[in-house]
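Q: Chain residues, written in single-letter form:
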Amino acid sequence: GNSVTQMEGPVTLSEEAFLTINCTYTATGYPSLFWYVQYPGEGLQLLLKATKADDKGSNKGFEATYRKETTSFHLEKGSVQVSDSAVYFCALSVYTGNQFYFGTGTSLTVIP
Amino acid sequence: DGGITQSPKYLFRKEGQNVTLSCEQNLNHDAMYWYRQDPGQGLRLIYYSQIVNDFQKGDIAEGYSVSREKKESFPLTVTSAQKNPTAFYLCASSPTYNEQFFGPGTRLTVL
Chain A
250 GNSVTQMEGP VTLSEEAFLT INCTYTATGY PSLFWYVQYP GEGLQLLLKA TKADDKGSNK
310 GFEATYRKET TSFHLEKGSV QVSDSAVYFC ALSVYTGNQF YFGTGTSLTV IP
Chain B
10 DGGITQSPKY LFRKEGQNVT LSCEQNLNHD AMYWYRQDPG QGLRLIYYSQ IVNDFQKGDI
70 AEGYSVSREK KESFPLTVTS AQKNPTAFYL CASSPTYNEQ FFGPGTRLTV L
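These protein sequences, in sequence, are chains A and B.
Per my numbering, the first sequence starts with residue 250, numbered consecutively.
Per my numbering, the second sequence starts with residue 10, numbered consecutively.
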């Protein structure tokens, strides 16, 4: 079946620290992969995406590379800011049924 | 501006009442989805619809109902059969086989 497993939180980092949030997936076929961000009390916003193996998605200093050999899509940022504090969701979509599969979310808090 | 709107932002329900949450999109997307999110939890799929007049149950459809009479609209009714409806409800839409776009959410509280 299709599923996403992401790193358990919460994660607390100091400002300017390096961030990695791990995400691995199981999928039939060739999925597209996504990272979403959710700020308190709001809906999810697309942060970045990759649609095929070896693609790198990037946005606002965040990056993730679609690794088919390790079935991973880890989120990274070189220097986090307080404003990056949010919950991050890894997700995949597959052609069959046009369904999405979300990870459980990882809460990030960045302290000054 | 194109986007997804959900209303109301906050909703209070007495036990035994049905309530309907609104979701409208002007993105011309074919597919629409309803998710439930509980505190500190991920998203759980309630219902989804890929075309007008057709919808499928998700993982937790019991106690919920939907309709899709127009492409732009996908209202969710939380019925009295839903035993624990207090949660944050998120609506999303998607062009076929592409990323989902989310609305701002409705927080439902049962009094």
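Hint data in this document are derived by calculation from the structure and do not stem from the laboratory.
Think of the CB as a built atom: it goes at the ideal place given N, C-alpha and C, for glycine as much as any other residue.
A portion of the hints provided could be inaccurate.
[Unchecked claim] For lysine to aspartate or glutamate, the following EDC-like pairs were computed, each having C-alpha atoms within a straight-line distance of at most 16 Å: (1) Lys18(B) x Asp303(A); (2) Lys92(B) x Glu71(B); (3) Lys301(A) x Glu108(B); (4) Lys305(A) x Glu318(A); (5) Lys301(A) x Glu318(A); (6) Lys298(A) x Glu265(A); (7) Lys298(A) x Glu108(B); (8) Lys80(B) x Asp68(B); (9) Lys18(B) x Glu33(B).
[Said to hold, decoys possible] To list a few chain B residues with every Cβ distance to chain A over 12 Å, as calculated: (10) Gly25; (11) Ser82; (12) Gln109; (13) Thr115.
Q: If a hint holds in the structure, say so; if it does not, say that too.
A: Consistency of the hints with the structure:
1. Pair hint Lys18(B) plus Asp303(A) does not hold up; C-alpha atoms about 40 Å apart against a cutoff of 16 Å.
2. For the hint pairing Lys92(B) with Glu71(B), the CA-to-CA distance comes to about 9 Å; that is within 16 Å, so the pair holds.
3. Of the pairs offered as hints, the one joining Lys301(A) and Glu108(B) holds, with about 14 Å between alpha carbons and a cut-off of 16 Å not exceeded.
4. Between Lys305(A) and Glu318(A) the CA atoms are separated by roughly 15 Å; this keeps the pair inside 16 Å, and the hint holds.
5. Of the supplied pair hints, the one linking Lys301(A) and Glu318(A) holds, its CA atoms being roughly 12 Å apart against a limit of 16 Å.
6. For the hint pairing Lys298(A) with Glu265(A), the CA-to-CA distance comes to about 24 Å; that exceeds 16 Å, so the pair is violated.
7. A distance of roughly 8 Å separates the Cα atoms of Lys298(A) and Glu108(B); the hinted pair therefore holds under the 16 Å criterion.
8. Taking the CA atoms of Lys80(B) and Asp68(B), the gap is about 23 Å. The hint is violated against a cut of 16 Å.
9. Proximity of Lys18(B) to Glu33(B) is assessed by CA-CA distance (about 13 Å); at most 16 Å being required, the pair is judged to hold.
10. For Gly25(B), the condition that its CB be more than 12 Å from all CB atoms of chain A holds, with the nearest at approximately 28 Å.
11. For Ser82(B), the requirement that its beta carbon stay farther than 12 Å from each beta carbon of chain A is met, with the minimum near 17 Å.
12. Its closest Cβ contact with chain A, about 6 Å, brings Gln109(B) to no more than 12 Å, contrary to its assignment away from the interface.
13. Distance check for Thr115(B) against chain A: the nearest CB is about 10 Å away, which does not clear 12 Å, and the non-interface claim fails.
Hints 1, 6, 8, 12 and 13 from the list above are not met by this structure, while the remaining hints are.
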